[in-house]
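Visitor: With the hints as extra help, turn the sequences into a complete structure.
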Amino acid sequence: MKDEQPRLGELSDALARARAEVARVIVGQDEAIDLAMVALVCEGHVLFEGVPGIGKTLLARSLSRTLSLGFSRIQFTPDLLPADVLGTTIISQSGGGLDLRFEAGPVFSNIVLADEINRASPKTQSALLEAMQERSVTLRGESRALPRPFMVLATQNPIEMEGTYPLPEAQIDRFLFKVLVGQPNREELCEILDRTLGQELPEATPVLGPTELPALQAAARDIVVPEVVRDRAARAVLATQPGRPEAPESVRKWVRYGAGPRGAQALVMAAKARALMEGRPNAALEDLERCLLPALRHRVALNYEGLSEGLTPDRLVEEAWASLSGAVRR
Amino acid sequence: MRTEAQRAVSRARRSLNAIALLSGGLLWLAPAAVAAGLLLLVLEAAGRMPPGSPALAVWGMASALAFCGGALAALRRRLDDRAAAAWLDERLMTRELLSAALGLSRPGRRPGRFDEEVAERAEAAAAAPAARHPGWPFAALLRRALPAAAACLALPAILVWADPSALGNAFRAGGSEGGGDRLEVAAGQRSAARQDGALALASGADAAAVARFLFAEDPAGAEAAERALREGRAEEFRNLLERAVRDLDSRLSRGVNDDERERLLEEKRRLEEALAAMDESTWSGGSSGGSSLERSSSGSSRAGPEGGPAGQVSGEGDSSADSSSRSPPQRRTGKGEAAQVDGGSGKGGSRQDTPGDGDGKAGKGAAPGTGPGSSPGGELPPGGKDPSGGKGPSGGSGPGPGSPDQAGKGPDGEGEGSGSGPAGGGNRPGDAGAASGSGEARDRGKLSPSASGGILTVAPDRAASFFDYVLKGRDPGAALPGLARQAARAAEAPIANEGLPLEYEDFLRSYFLALARQLQEGAAAQGASPATKGAP
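Just so you know, the protein sequences line up as chains A and B, in that order.
For the first sequence, this note's numbering assigns the number 1 to the initial residue and increments by one for each residue that follows.
For the second sequence, this note's numbering assigns the number 1001 to the initial residue and increments by one for each residue that follows.
A few of these clues could be false.
Just so you have them, the derived chain A footprint on chain B, three or more residues with Cβ under 8 angstroms [what the hints assert, rightly or not]: (1) 1110-1122; (2) 1264-1275.
Covered stretches of chain A, as calculated for chain B (at least 3 residues, CB under 8 angstroms) [stated by the list, open to error]: (3) 118-128; (4) 225-234; (5) 276-283.
Not the full set, but computed from the structure, chain B residues with beta-carbon under 10 angstroms of chain A [as the list claims (entries may be wrong)]: (6) 1065; (7) 1103; (8) 1107.
Bear in mind the hints are in silico, worked out from the structure with no lab data behind them.
Beta carbons: idealized from backbone N, C-alpha and C, even for Gly.
Guide: This is the structure in structure tokens:
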């Protein structure tokens, strides 16, 4: 066990290197990069929400390149079919006869960028359900495993809602994080101009080998979670549920339903991954706090009154968290 | 074997629980102290507090109970190691490292890859100096202690200020309403006072003045008495009084000149009055209010325990009447003004209506005894010797008709006096008698016990001067009926002005009614005796 400590340091160093490499390409968006790295360590899926042109696709591509992972991009449109995502069986001529051959879709990749996922029909969106949760695809009764690691980075545009299909709750719950990607500030914008309008475009280079990410993911699962952190995560999730005694008044009033077990899993796993990134052998309350909104905001649905009041899930999740602070920290 | 991290966590838990215990007690103490104090004040204002109730002790008990309740409530919410570790992590900013280390020893937990890493880091964090002094939350404790301390300081002061008896002691010495020195015996606590010797001073009382008053000739005794009063030692106070009386007796027996003798007698009388007052607390009044008792050397009304009919004895001596008595119901008369009033020529200036060991020397009467009254129950000890063996102070002779009170010459014949009894008051022991007289024996600084509302008050007899309204400065040759009417009218003024204590108002009215009635009876019988000149 004595050799574990340097290994922890090495793992955190490797993650730091990967993060720095991505940040070399992406200007700003530090939180988005951090959360993407955390999701990668957790082998979770991320839903990026932001206006077009702020580097979502570039972030996904840079991640895959940095980690030496396969990458595929699917542009979701209303006429996209499930087979366009998952793949299809085609009749091909092999040798002297015809043969049915499975042509894998773009989902068969390590990192899948589902661009503007809310523009596809629910039928197509649901084609990703099994892939995201089970890491496998079943076609014609045959289940096919997806390559590991498998990660879906989806994007959606918050402003052009016409002709879109909001993600069903069952699917949105499968995303580890929902990350709000904001517009760059002035300095970041200038940096973007400098970097992208020259002769050479910055491009990420592989930092980690294909075998290193699974090791990182395994190490993250071994991070020690103190009882106080585990309990706080559980109570935070319960506090987002309007029927619970832990829920604050605002949650009871304006929330239709709150986060479930997947939310608690996401919260604690993200805390573990974050602790690993920082080289700590244990998760902390601070890790929970930093991952709270990305992990829970898409799992909390407001009721009509909450929507009409112009409230956001972020505010209610924060209030739920704040209602617990005094209870644990005496 | 306990690790350093576990020791640090245990230390934090113990300290936090102690602070929480204290804080919980204080949290309950402040409102409970205020509520109990206000409740007691309201009860006091409404007169619902039993006399002599130790309000301060009740308040203290309630506050202590509240503190214990708060502490118990805090005890039920005491922190465990997990919470203490979380607190310590927050204070030391160790990012839940100690909590994680504590969880490593949780039973049933599977060993993990980073357990050793966690344990090593936690040991290092716990060994840091900051872990020994993480900054205990005394600020919260102080926030709760300040209101509690304010309540604990203010409420007792308010309680004692509102009612000095809140101290709850049986005896207290203090200023009377008239500003004089006074001793109060809470009737409800007399027996307890005798048992535990509780003796205390009322708030604002001047124990030194009381002690100096009683031990005017004995500075050491005054000092000891003052100390006994302040410290509530009734028995010691009583012993001091008794010892002083014995000392005075021995000095008197050694033979002294007249002035010195008079002074010593006066001092002895004060002491005996005080002793008698303490004795009377055993029989006069109760919590429901006892009989009213007023004694005065100047002659005053007294309702004895047997409540006999009111009577009047007046006499004039040659200023040498003196007496001493040990028994509480006693009365002395000195050179009375009554003889001048009624113009009586009877001899004998004083009498003692209760058994006593007093010795009296009757003065020489100046006026012939007059008095139409007949005393059905009057009895004088033959030979001036009362049953207790003292020298009988009586012995006046008077030609007045048929009243033993006015018997012209006392059996002992030692002195002449004039006695006139317009009303033949019984002189049985304990009979109520109304005696009037003023002179040298009238002493306004004399202790006079009275029981009212369950409180026995022993105070210098400021009220003894109420007879001034009646008889003072009158023409001794004036006719009694006119004088009585005039006096009755004069007495109405202080009654109307509420210048007299309530019990005196009733007494004065009944006195003048009885006087008028007897004057009428005397007028009916007038003409039979030449000695009734100027009398009805």
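Visitor: Compare the structure with each hint and give your call.
Guide: Hints and how they fare:
no.: 1; hint: 1110-1122; in the structure: holds (count 9)
no.: 2; hint: 1264-1275; in the structure: violated (count 0)
no.: 3; hint: 118-128; in the structure: violated (count 0)
no.: 4; hint: 225-234; in the structure: holds (count 5)
no.: 5; hint: 276-283; in the structure: holds (count 4)
no.: 6; hint: 1065; in the structure: 26 angstroms, violated
no.: 7; hint: 1103; in the structure: 5 angstroms, holds
no.: 8; hint: 1107; in the structure: 13 angstroms, violated
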